[in-house]
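Starting from the given sequences, assemble the full structure and let the hints guide the process.
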Amino acid sequence: MKNISICVGSSCHLKGSYKIIELAKDYIANHNIGDKVNLGAAFCLGRCTDGVTIKIDDEIICGVNENNFQQIFDEKVLACLG
Amino acid sequence: MMNSKAFSFCTDIGYLSVNKHDEQLCGDHVELVEQDENSIVFVLADGLGSGVKASILSTLTSKIISTMMANNMSVEDCVATMAATLPVCEVRKVAYSTFTIIRVVNNKEAEIIQYDNPQVIMLRDGKNFDYPKTINQIDGKTIYISKVQLKLDDTFITTSDGAIYAGVGSSLNFGWQRDNIIEFMEGIYDREFSAKALATLLLDECVRLYGGSPGDDTTVGVIKIREREQVNLMIGPPSDPKDLNKMMTLFFSKEGKHIVCGGTTSTLTGQFLGKPVIPCLDYISPDIPPMATIEGVDIVTEGVITISKVLDYAKDYLGENKLYDDWTILQDGASCIARMLFEDATDINFYVGRAVNAAHQNPNLPITFNIKMQLVDELSKCLRQMGKKIKVSYF
Chain A
1 MKNISICVGS SCHLKGSYKI IELAKDYIAN HNIGDKVNLG AAFCLGRCTD
51 GVTIKIDDEI ICGVNENNFQ QIFDEKVLAC LG
Chain B
1 MMNSKAFSFC TDIGYLSVNK HDEQLCGDHV ELVEQDENSI VFVLADGLGS
51 GVKASILSTL TSKIISTMMA NNMSVEDCVA TMAATLPVCE VRKVAYSTFT
101 IIRVVNNKEA EIIQYDNPQV IMLRDGKNFD YPKTINQIDG KTIYISKVQL
151 KLDDTFITTS DGAIYAGVGS SLNFGWQRDN IIEFMEGIYD REFSAKALAT
201 LLLDECVRLY GGSPGDDTTV GVIKIREREQ VNLMIGPPSD PKDLNKMMTL
251 FFSKEGKHIV CGGTTSTLTG QFLGKPVIPC LDYISPDIPP MATIEGVDIV
301 TEGVITISKV LDYAKDYLGE NKLYDDWTIL QDGASCIARM LFEDATDINF
351 YVGRAVNAAH QNPNLPITFN IKMQLVDELS KCLRQMGKKI KVSYF
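First to last, the sequence lines map onto chains A and B.
For the record, in the first sequence the residue sitting at position 56 is 56 according to the numbering used here, with numbers rising by one throughout.
For the record, in the second sequence the residue sitting at position 254 is 254 according to the numbering used here, with numbers rising by one throughout.
These are computed hints drawn from the structure, not numbers from a lab.
Quick caveat, the model's predicted, so the values are computed rather than measured.
Even glycine gets a Cβ: it sits at the ideal position worked out from N, Cα and C.
Treat the hints with care, since some could be wrong.
Claimed, not checked - Now the stretches of chain A that chain B is said to cover, found in silico as 3 or more residues with beta-carbon under 8 angstroms:
1) 14-20
2) 68-80
As the list claims (entries may be wrong) - Here are some of the chain A residues that sit facing chain B, going by a computed Cβ distance under 8 angstroms:
3) Val8
4) Asn30
5) Gly34
What the hints assert, rightly or not - Quick list of simulated restraints, FRET-style, between CB atoms:
6) A:Lys2 - B:Lys242: 34 to 44 angstroms
7) A:Met1 - B:Asp298: 27 to 37 angstroms
8) B:Asp287 - A:His31: 24 to 34 angstroms
9) B:Arg228 - A:Glu22: 17 to 27 angstroms
10) A:His31 - B:Leu152: 31 to 41 angstroms
What follows is the structure, encoded as structure tokens:
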């Protein structure tokens, strides 16, 4: 089980949390991993200068955007689920 | 027993006008003066004719009357001063403006003084209430004076004659009579509706009957007697972290609803209450960050972006009121706060933390400390204009 939180604090929101949440929902649906992933939001992960910030289990990943989203989720989510 | 109850009443007041088609200025004018904490004077004046002349007459009339009444001068003095002051119309050789005065004293009694405007409609428990009137001759003018002991939810609807002429010549042959307006208001009445909502609904109906092109300046003013309701809103952590406990304790010891704004502030609130902060993943409007829930807090939202949207709604509500259908219906953070502050609250306490969010002091972000302070300032100004009692405490 992977716990993923996407920050929806002010700064991350302005940097595109909405888009990242949409991408994450689509990603989970497309890979059919809804039962292995717990997707949620977080209220400010304290890394406001380098959003969008997400947290996968205990690892905080900053600077997530539309371009690197696929790579990050492939490496940190899909690969770990085996 | 009755008296102590009455003191928890307050007035909710909403009014708006539309101009006669092709006119730049409204010939009706509303003036509202707060005599003291529990007493107000509301004046609706309708100047002779339309356009600039009518506007000057009605503005002068309502200003003179409201100022004099608020200083406890008699109706006779008000009328005499008005007659002596108003400029005489070149064409009609008279100085003339009709007026309706509603004076609420100690939130216990309403005094209604009427001169030539359509008679004030009073609803009690949502039904037409025929209040007693005495006829007085002052300076050759027939003036109706009434006194009514107030009950919760009593609603006074005052209009300029534009409202009863609505529809003449277009959709209704004989205009819209006072009885039709009573029927309409009884039909839409819901005790949850604010004065502004009731006034908006009635004015919209008048404009509709005029086929979108009003034949006369039309004004609707509603005064509703309601109970006080306190709402407390906290935004931002204190500048000195040592004050956090004090700020939280004061905030949560206040009666009424509680709104917490800001990511960090919510996290600290969760810690203070010993309850988890559960953010919601779903964006209802893409431009407003999602809300969160904390047991014991009524609304939890993000900070500056949400509040700046609330401020947009507040400015619109006081002006053109075009966004009313958005914030009264949508379920995003800004709309939820707008409903609670604009419609439910009568007394609002702001708890503003002056901590500077280091992460926001970044040239790449359009959020600065000053913006937060400015937002609170502007929002409290707007809320005061809506007739709310506002207290702002800084930490």
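Against the structure, the hints:
Residues of the region 14-20 of chain A with a Cβ under 8 angstroms from some Cβ of chain B number 3, which satisfies the need for three, so the listed coverage holds. Look at the region 68-80 of chain A against chain B: 0 of its residues bring a Cβ nearer than 8 angstroms to a Cβ of that chain, fewer than three, so the hint is violated. Because the beta carbon of valine 8 of chain A sits about 5 angstroms from the nearest beta carbon in chain B, less than 8 angstroms, this interface hint is met. Because the beta carbon of asparagine 30 of chain A sits about 18 angstroms from the nearest beta carbon in chain B, more than 8 angstroms, this interface hint is broken.
The interface hint given for glycine 34 of chain A is broken, as the beta carbon of that residue sits about 13 angstroms from the closest beta carbon of chain B, more than 8 angstroms. Taken as a hint, the range 34 to 44 angstroms holds for the pair lysine 2 of chain A and lysine 242 of chain B, whose Cβ atoms sit roughly 39 angstroms apart. A C-beta distance of roughly 33 angstroms is found between methionine 1 of chain A and aspartate 298 of chain B, which places it inside the suggested range of 27 to 37 angstroms. At about 29 angstroms, the CB distance of aspartate 287 of chain B to histidine 31 of chain A agrees with the hint of 24 to 34 angstroms.
About 43 angstroms separates the C-beta atoms of arginine 228 of chain B and glutamate 22 of chain A, a value inconsistent with the hinted range of 17 to 27 angstroms. At about 58 angstroms, the CB distance of histidine 31 of chain A to leucine 152 of chain B disagrees with the hint of 31 to 41 angstroms.
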